[in-house]
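For chain A, the structure is supplied; the task is to place chain B on it using the hints.
Residue numbers (the working numbering), protein chains in the order written: chain A, 1 to 160; chain B, 1 to 217.
Check the hints yourself; a few may be wrong.
[Stated by the list, open to error] Selected chain A positions facing chain B (in silico; Cβ < 10 angstroms):
no., residue
1, Pro4
2, Leu17
3, Ile66
4, Ile68
5, Thr69
Hint data in this document are derived by calculation from the structure and do not stem from the laboratory.
The C-beta atom is built at its ideal place from N, Cα and C for all residues, glycine as well.
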Amino acid sequence: MKQPFERVVDEHGDTVLRVCRAIVGVHDAEDAWSETFLAALRAYPDLPEDANVQAWLVTIAHRKAIDITRARRRHAVVTDDLPERPSTIGVPGSIDHELWDAVKALPPKQRRAVAYHHFAGLPYAAIAEIVGGTPAAIRRAASDGIRALRAALSAPTSKE
Amino acid sequence: MIDTHTDGPDTSGLRARAVSGPGTLDRLHERLVAAASRDGLLDVAYTNVDTPVGSLLLAATGSGLVRVAFESEDHELVLDTLAGRFGPRVLRAPARLDHAARELDEYFAGTRTRFDLPLDLALSRGFRQLVQRRLADIEYGDTWSYARVARLVGSPGAVRAVGTACATNPLPIVLPCHRVLRADGTLGGYAGGPARKSALLALEARGRTRAPSGDPG
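Extracted from the complex, chain A is given alone in its bound form (with noise of 0.2 angstroms):
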């Protein structure tokens, strides 16, 4: 039997706003995950049992993206730098936005590989099939996001 949707909520709500702020920004996080989640609401009552809760909304999660990406580059306006305007996502200084910003300096392949395997904990193969390509091609992007990512967080510019 089914459990109640409560559930699918508090299990993977945390991990689907971290994949969420990797792929579209901490900017635009908010609503790429509120749009997962009603869409997986929308959806979870034809959710075969046996499914794998997670890697069913992080796909959900990576169409969203997909979405939010392309109705930014419509309407684009929205400059990505984030600091010093009034707060919409929560207690100042909570967010790391060093992190997030080096995460969004990620070619898109590196970013996802990164976001669906380190932050999700998606095995590869889970990964290739969300994203398209070959496991080892996503085990390659992930671990050249994750070295990029050391690099940009190490480097003198930054206040660790």
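Here is chain B on its own, set in the frame of chain A:
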């Protein structure tokens, strides 16, 4: 939390830096509930309220309050049952239970002697539901025997079945099965346990002497 199947470099430091921050998920949850309500996607909305008889789970469908459960009934188990019966789109949505929570507050404060709430009796049927509906006729502070309830529903021989109907009442307190006692005046059973049953009867005895309204009880 994150369960990783990562191999290769240790990235726990990076993941630790990716935390959500306090309050963010609560706010997103509220936003989800609002959107789900707007789109009519909730099979069951629920909340918990603290009362003198412990935490109560309140759950509602689109038709009304469908379940009141004591802690002793295991709230997670109750939610599983509701998901199986009404669908798995079950979310904590306190605003949808505001009305019921307020009336229960007033009841426990001794200022309310009747509940005026839309109810969904879909969890019971037939004779049980018939009995449970009639429980509302027992006035605040009054107590009836199982036999009297059986007579009232036109089945004087069905005393035991009346007991079962009370024991399986999905809406205790609101449909006051605690006001039904054995013929000898002893408590009889109660889903929340005998201590809660006596606590509710004691509360009503006090409330009645205070006579808050002109309620002919």
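Exercise for the section: Starting from the hint list further up, note which numbers the structure goes against and sort them upward. Expected result: 3, 4 and 5
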